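Residue numbers (our numbering), protein chains in the order written: chain R, 1 to 863; chain A, 864 to 1312; chain B, 1313 to 1527.
Each hint should be verified, as a subset may be incorrect.
To be verified - Per label pair, the in silico range of CB-to-CB distance:
1. Glu1449(B) - His287(R): 34 to 40 Å
2. Asp932(A) - Pro55(R): 31 to 37 Å
3. Gln99(R) - Ser873(A): 51 to 57 Å
4. Pro1385(B) - Arg776(R): 48 to 54 Å
Because the hints were derived from the structure by calculation, they are not lab data.
Source: prediction; values computed, not measured.
Glycine included, each C-beta is placed from N, C-alpha and C at the ideal position.
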Amino acid sequence: MADTKASPEAEESQASPERLKVTIDGVTTEVEPGTLLIEAALKAGKYIPHFCWHPRMKPVAKCRMCLVEVEDQRGLPPACTTPCSNEMVVHTDTPIVQQVQESVLELLLANHPLDCPVCDRGGECPLQDQTMAYGPGESRFVEEKRHYEKPIALSELVLLDRERCILCDRCTRFADEVAGDPLIAFVERGNRTHVLTFPDEPFRSYFSGNTIEACPVGALTAVPYRFKARPWDLEEVESTCAQCAVGCRVKLQSSSSRVLRVLGVDSEEVNQGWLCDKGRFGFEYLHHDDRLTAPMIRIDGELVEASWGEALDAAADGIKRAAKEGPDALGFLGGSRSTTESAYAFSKLARIAGTNNVDAQLGDGLEAAFLVGANPRASIANLDSAAAIVVAGPDLKEELPVLYLRVKQAALKNGVPLIECSPMQTGLSRYAAVSLIHRAGETAQLLSALAGAAQREPTDRPPAGASATDFQRAVEIISEACDKNAVVIAGRTGLATSDGELGASATQLAEAIGGLVLPVAHRANTMGALFAGCAPDLLPGGSRLADGDGGSRAAIEKAWGRAVPSHEGRDASGIVTEAARGNVGALVLMGADLIDDFPDRSLGLEAIGRTGFIVAIDIFMTPTAAAADVVFPAATFGEQSGCVVNIEGRVTRQVAKVAPPGSSQPEWYLLDQLTSRISGKPARWTSHQDVFEEMAAAAPAFAEVTRASIEGAKGTVVRASDTYAPQEIEHPPIATDQYNHRVIAGRKLYGDGQVSGRCTAFRRIDTKAVARLNSRDMSRLGVEDGVAVRLRGARADLEIAVMTDDSVPEGSVSVPFNRIATSSGADEKETGESALHPIRVADLIDSTAAVNEVRIETLESPA
Amino acid sequence: MTEVLLTRISEPEAWRIDRYKELGGYEALAKALKSMTPEEVAEEVKTSEIRGRGGAGFPTGVKWGFLPDVYPRYLVINADEGEPGTFKDRELIEFDPHQLVEGTIIAAYALKVNWSAIYIRGEMVLGAARLENAVRDAYGAGYLGKNILGTEFDLDIVVHRGAGAYICGEETALLSSLEGQRGEPRLKPPFPAVEGLYAKPTIVNNVETISAVPHIVNKGGAWYASLGTEKSRGTKIFSLSGHVNRPGNYEVELGTTFRSLIDDYGLGVRGGNKLKAVIPGGASSVWFVEEDLDTPLDFDAIAAAGSMLGSGAVIVMDETTCAVRAAARLVKFFSHESCGQCTPCREGCAWMYKILTRIEEGAGRSEDLDLLLSVGSGITPALKTEGRMAMSEVLPYTTICVLGPSAVTAMAAPLRLFREEFEEHIRLGACPKAAGTGITTQDRKASRG
Amino acid sequence: MGKFSGFAVTLRHMFRKPVTTQYPKEVREKPVRFHGRHVLNRYPDGMEKCIGCELCAAVCPAKCIYVRGKDNPPGNPVSPGERYGYVYEINLLRCIFCGLCVEACPTTAITMSNMFEFSVTDRNQAIFTKEHLLVGEDGKPNRKLGVEADVTADALEEAGGWMRATAPGGNANFKEEVLWSPEAGVGTRLPEGVADNHPRDIGADTRSPEGRVEQ
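The task is simple: from the sequences and hints, build the whole structure.
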């Protein structure tokens, strides 16, 4: 059943019986009906010059550069809007077509400033290139050119030079059609037409950077790249973005060993060429002065620089000492920010050290077995042709922006009905057929109820406070979509709720409607880390440790020459909870920050305080690393090669482009050294390929994943050897206190994390945290926008400004997890990163509870 | 003068519904709704062989026949009369708005439309007010709304004021504007009859065309077809302006000659001056000279003579007119009104205007005239450089709509007719016509808006 | 007979004026198109001509030029327009003095002077930075102290730049307009028509043909 569903491509190829024969400049080619002439020409190896046409946007035929002659057809049709018909004969190089091309270019250049030498696009400019190829050679325009103020800021990230603009409509179309943020538009008319934002409303789109890449001239330029280099300075590699788990394909460009620019690669499977601004501009942290450059060890309470040998010895000694206390005295956290190779090395080190207490998700994910073994699993491309999409997870626009684009495109362009199950309205609500807004933390109940209703089990009242009419509509939609490849997107809806049964409920719903599941995770390589075995109950390859007494366990033990421990491991929350009780002797943290990046900050602080020995492998001196006993500087995105696995299970390559700072090393290297010191066997690996080969040999799931098959944008989709089959689900009842507000703690795209806080590009974007409340709650409390209130949580109190937002339902309060809540947050950012921010949203959250509630108190007005 | 549409124009207060009814108004509506089927009404219009009065001259009955069997469908009346020199619709709306409303109701009935819009030029303040009143009164009298005259037919009319863009007179731009988008022409196909307003089948008709419908229904299509010539039936209102002794709107049977229009109706060229040129069908048509005046006012005859009947705006210029300045003024208009989406029109019109102004201001260069024609050929590649211009040279054109080609005509037609005058401008560095008048090019520069 | 003819040659040369000049006491006049070390020019108002476009670096066959651009400070712009060259370095040990950088420069910011006297004792010294390359506000070239110590102030005055007088786009109908003046800096770009009569210099009055200094 799963196999037939997973390949809609096969159906498509059968569904197109007739093909059209088109002759372009004497070259005959066959195309699908509906193909545009300009696409057919590309297929025939004939380039028709164009500016406004973009393969991913609706054609508008505004630039008039692609006019061609078609035999037996009057006039000069534009190739970008003319669909091919059978036996069409097209000429693209007749004298009249050439005359038109020359004149269009002369006219475009008439008012185009010739400041190519200072233009960021100079050297890679379609207008330059096409002028050289098709242009008239010299201009006859002697009048004064059109003048505008040079350049104006459309937003914190994008600059617009209207003099250079050729009004091709690409950026405005992108903003409207693709991003759904129509914040830029043409104003004025005729020769005075120009692109502008609305007054006092900047182009604040999460996807604004794509307009820069789409611009066929240098009218739109990026603030972070401005005057940093010229195109011929740049060297590039194709890699995979490391900002979130969508795994967009990118081109990483650098000059003088500094990453200067990231561009999108058009990968049909994943990102279709688009990137979010965080992926595009969030690389500056790589070259931040705060990067760790040498290993450090704690001597007399002070962290001091040490040699690699000293640090490795110290770390190995500490781990070995703790390991004597038994497997539960060790905790290994992290891996989801690293390459799969490094995560594998991490998982291996944990197991060699004798424990299964290893987890990559750091307390904000779902069941590991569900994430790797979701079955039948959907691909991102499945969304395009799905019969319905159910989104039960975080606000995709904030956490997985390019996946949001794909879902939005499916809903808007392909008319796929979208059902949103979310504790508050999200970026997708606008496109949803039904938004099932319900009480935070009870998403699983809702999904189970939907599954039941789809199987004709009547529900008297929809659970979790969702509206009955909406629920009914959702049921109608999913019943309609039964057995037609509906996709259920499932992820943690927020950090203040545990969403314990969400994976099981999503699987149950998918089964009920004969659909597919697409589990989503937050960090870039969470899937890779889980597939590498960075979970207490998983072995490399994603096979279950508990029932893995068969082939996979044996293969791994053979490869390692060691028995895999068989005790029941603890997950991240379990490890941190135990550590907070003082029961953990040594914690090894790889890109894991228990203070700033763990839902339960007080628990994290407690755990760090009571753990005897901490090894931190990181790129910055995070608050956690500052409390560690040994700190290793790690290489990161762009500095090391390896593979990553995205939410679909797609394995693609990340490629090193620049040298890591100081003596930083890829994690797998230092983990191998540690493993060798602990096991007493010599270190094995000299390159990431050695790691990959060992992993591929040891894990049956990786059998088809070869070094060659993961080259390129498409990569290979890996499937876990054990699929996820949930047991009977029991939803524990959740008590609600009606004086309390339930906390919805989601992440915002731009936050104050260790990484994005160090990207100068994002510095100017306001990231101050506010609590959002429904207008009725606001009036009940008698507060106005901008007024500070006190949120009394189970763990701590938080003073935070409130804002009216009716996308939050009554009785809930939405707080951004990754932003600084105190009003002094902005100042702190200016003065640099203070190690411990006094109060964060994470202080409120008790990660052991199913849901978190707060009481809201108004503050006494200052006298 | 054969007045059909203009019969009530001189009647006092014919814009009031009671006056209109006294003068025989809304009789055609009653006849159509009560005794004819929609198909019969459409057939009558087809029989009349009336051709669209907006400029293109496409047979209205044929256009109505293009509607696919898709509902809802819309009827949009193009009252965005913006062609320089055209003022017939304004007069029809200001003095006889009910004629248009009645025509709209009948046409909507024939087309099985239940929602219609009249897109009126925003500058026509009086006209819009009277039209809005007329529509309100028609609702009051039961001619609009639900169950009109007790029949099953429902119709709503919305009067929409434009915001002052010439391009919105182009039917697809008008539809975009009506939808609330930028007034930019759309790519054709699909034509509005298939995919128009809100992507539904839409008929866009001119005010004059629709105003003729009540008369066609009243007196029969055959009667209407008996007027005019074989290919151009009926009467047409010509807006005569410029250097004539009596400018104004004149409704004549098609087939009358230009000479008759200018001499008999316009009472000749002003001051007994010699005629220099005539713009026969709005600013975008090829200029005529004295020898062309015996051309009959007939769609095909004018086309055969190399120009077009267009909207019926006849602009007469006497010998004192400066051809360069006239061309510059016309091109300025098109440049100002270009919507800006197609490169050739957006940049080309502005460039042509800049060159013409430079010549007019005395800074022309000898190569400028060929440059002008060459820039023009960027919009209409088949443009010739010598001899009198023919309307056929604007095909093919490189733009989406015909505004760009219109600007080329406005530049190339006078340039090729009066090339010596242009050359003299360049040679003298000033306007030869201004010599002796005391007007310098500097004065003109100052007076240029 | 034969053996004396050889002596004749020797004899003849004995009475010739020696070709050797007493450099550095005597300095030979250098040809007009001498490819000496580069200078970066300024406009008369003191603005730098270099806009940091890196075309010189791109065209350089020896890869000896390193340029980085930056936004002009809005209050106090360094060059006209948006961008200026804030790093400009030439490694003169690598430079082959081909002059392609001069031809590539869109603003004639870089030209070549007749200064050639720089000997270094350390490879790093051969890297001339913007500080040394940029002419002073008065248009006179700087010298790199310690490397160009022998250059007298007079010799600096003499330093003449050149531009290959080609029309942009290679237009044969290039009109006789001096393309590239007035300026502060060395070198004048001449109209194509008078290309055969190169001045060796400079100065504020090179605008008019009469003002040109004849050799």
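Cross-check of the supplied hints:
no.	hint	verdict
1	Glu1449(B) - His287(R): 34 to 40 Å	holds, 36 Å
2	Asp932(A) - Pro55(R): 31 to 37 Å	holds, 35 Å
3	Gln99(R) - Ser873(A): 51 to 57 Å	holds, 53 Å
4	Pro1385(B) - Arg776(R): 48 to 54 Å	holds, 51 Å
Of the hints listed earlier, there is not a single one the structure fails to meet.
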